[in-house]
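Enquirer: Residues per chain, in single letters:
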Amino acid sequence: MRGILLTAVASAALTTPAAAEDFGGFPPGRGQAETFATCTACHSTAIVRQQRQTREGWDEIITWMQDEKGMWQLEPPMRKLILNYLAEHYNPDVPR
Amino acid sequence: MSDHKKERGIRDLYAEDPERADWLVFGRVPDQGRRGFLKGAGLAAMAAAVGASIPFARHLPAGLIPAALADTTTDFAILGKEGLIVRNDRPINLETPPTLLDADVTPIKHFFVRNNGLLPEPVADPDAWSFTIDGEVENPLTLSVADLKRDFENITIQAQLECGGNGRAGYNPPARGNQWALGAVGNGEWTGVRLAEVLNKAGLKPSAVYTGHYGADPHLSQDPNKPSISRGVPIAKAMNPYTMLVWGMNGEPLPYLNGGPLRVLAPGWPGSCSQKWLTRIWVRDRIHDGPGMTGMSYRMPRHRVAPGTKVPTSEMEIMQSMPVKSVITFPDTNVKVSASRPLEVRGHAWAGDRDVKEVYVSIDYGASWQRANLAAPANKYAWQRFSAAVQFPDSGYFEIWARAVDDAGISQPMVVPGWNPRGYLNNSCHRIAVVAA
Chain A
1 MRGILLTAVA SAALTTPAAA EDFGGFPPGR GQAETFATCT ACHSTAIVRQ
51 QRQTREGWDE IITWMQDEKG MWQLEPPMRK LILNYLAEHY NPDVPR
Chain B
1 MSDHKKERGI RDLYAEDPER ADWLVFGRVP DQGRRGFLKG AGLAAMAAAV
51 GASIPFARHL PAGLIPAALA DTTTDFAILG KEGLIVRNDR PINLETPPTL
101 LDADVTPIKH FFVRNNGLLP EPVADPDAWS FTIDGEVENP LTLSVADLKR
151 DFENITIQAQ LECGGNGRAG YNPPARGNQW ALGAVGNGEW TGVRLAEVLN
201 KAGLKPSAVY TGHYGADPHL SQDPNKPSIS RGVPIAKAMN PYTMLVWGMN
251 GEPLPYLNGG PLRVLAPGWP GSCSQKWLTR IWVRDRIHDG PGMTGMSYRM
301 PRHRVAPGTK VPTSEMEIMQ SMPVKSVITF PDTNVKVSAS RPLEVRGHAW
351 AGDRDVKEVY VSIDYGASWQ RANLAAPANK YAWQRFSAAV QFPDSGYFEI
401 WARAVDDAGI SQPMVVPGWN PRGYLNNSCH RIAVVAA
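Chains A and B, in that order, are what the protein sequence lines are. Per this note's numbering, the very first residue in the first sequence carries number 1; after that it's consecutive. Per this note's numbering, the very first residue in the second sequence carries number 1; after that it's consecutive.
Any given hint could be a false lead.
[Claimed, not checked] Quick list of in silico lysine-lysine cross-link-like pairs, DSS-like style, CA-CA up to 25 Å:
#	chain 1	residue 1	chain 2	residue 2
1	A	Lys80	B	Lys310
2	A	Lys80	A	Lys69
3	B	Lys149	B	Lys201
4	B	Lys357	B	Lys336
5	B	Lys201	A	Lys69
6	B	Lys380	B	Lys149
7	A	Lys69	B	Lys380
In case anyone wonders, no lab produced these hints; they're calculated from the structure. Quantities reported herein were computed from a predicted structural model and do not represent experimental measurements.
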């Protein structure tokens with residue numbers, strides 16, 4: 001089910017310009033669709049977009065979600081893609 | 001603060017997910033053809049918002065923003081709330097801008113919302129709502145709201161309620177979580193019964209140490225075995241005469257978004273101790289260890305740490321009373337005023353389990369302070385009104401700062417206090433900008 005959702009979102013991203021509005025306000029970039037599909041299973045993007053964290057901070061947040069909040073394990077390439085996306089767009093140097 | 005950027009209007013919500021916006025804003029559930037309103041859910045709210053009944057409602061497509069509201073960016077209602085900053089829409093987390101905190105009793109429509117999970121199913125009959133007390137008690141009980149109303153003394157008190165993370169946005173390096181600025185606080189008038197009386201009826205065993213609270217709000221993952229949050233308080237706090245089970249707020253039934261039909265109220269402590277949609281109080285023989293009690297959540301480092309320090313869990317301790325704090329509710333920041341006559345400044349101050357003894361205001365960045373008038377609280381745990389008339393010596397840009405001091409002589413810090421890993425307890429002075437001409 002989640003796999004299907006992910007593929008659908010990802011292929012939509014290939015055919016249309018990846019405007020932020022289509023991804024809950026996540027800005028365009030490598031990993032946009034995957035991060036959107038993974039991180040909106042339980043909550044909206046708003047709790048993500050509010051944060052400014054280092055890559056390490058984001059890594060801890062994902063681990064916390066997996067240890068305590070029922071998030072599934074991610075394949076290493078997927079985890080890396082999502083972490084890169086979050087660390088690039090939501091790091092402490094990005095203005096709020 | 002850049003609050004206004006984050007304020008999201010009805011159009012943004014509809015742009016993100018139209019059907020969810022329908023539900024969030026109006027409580028609307030469409031019927032099977034994605035039109036109309038399933039069993040009328042949300043129709044009354046939408047009619048109230050557009051200011052008229054909606055004759056062809058059964059044809060109105062789901063997720064279509066009513067044209068009458070399409071240009072509204074502020075002041076729309078999310079399930080009875082107005083004018084609030086939307087920090088998050090799933091789960092719903094809403095913050096009150098300081099000027100909407102001006103009333104002595106914060107109106108329901110402006111009272112902040114901090115949710116960890118999804119909203120529970122609304123119920124038709126609030127009096128039939130029931131919860132259990134079990135664990136370290138002689139007689140486990142199941143009581144309905146009607147039982148509480150009938151069998152225990154009904155009391156009404158004012159009390160301020162503040163999220164432990166209020167002010168988190170001020171910390172650097174940034175702390176994760178909802179980026180509350182100032183307004184995850186409000187002062188309600190609560191009606192209910194003393195928790196102590198209910199615990200006495202159940203009969204606490206000598207082994208009782210702590211309460212563990214559970215609510216009906218489903219976990220975000222929708223896993224039925226996971227509580228969204230389950231915190232509690234030491235027995236002494238549970239037995240405090242101001243700790244209550246609450247079904248009424250500001251003379252109305254406790255609103256759904258603020259935990260109705262029934263919630264705990266543990267005033268002066270982080271809001272998370274005041275479980276919403278209460279289903280169970282598990283009296284524990286040890287410190288409660290539900291989600292939100294352990295690890296780094298609602299905990300502070302035992303010893304002061306430098307910003308950004310990695311603190312081991314063993315060095316963290318559970319937060320109890322909230323610290324002394326104040327907010328300027330009038331005037332709004334960035335006002336233009338006349339330099340030729342005094343300006344009335346006012347707001348509220350509170351101090352967790354303590355009272356506020358003094359409030360000071362400054363117009364020169366804290367170089368000198370003027371004592372404000374300070375009212376006594378309506379009762380223990382209510383916030384206290386302060387007011388002062390300030391006179392600007394000249395025209396130009398000024399800041400007004402407010403600083404409260406509690407009855408133990410502890411003052412609000414002028415800058416952000418001790419950094420901590422999850423960004424709790426920021427009680428730095430509130431400052432507003434004023435241009436005098």
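Enquirer: List, from low to high, the hint numbers that the structure doesn't satisfy.
Expert: 4, 5, 7
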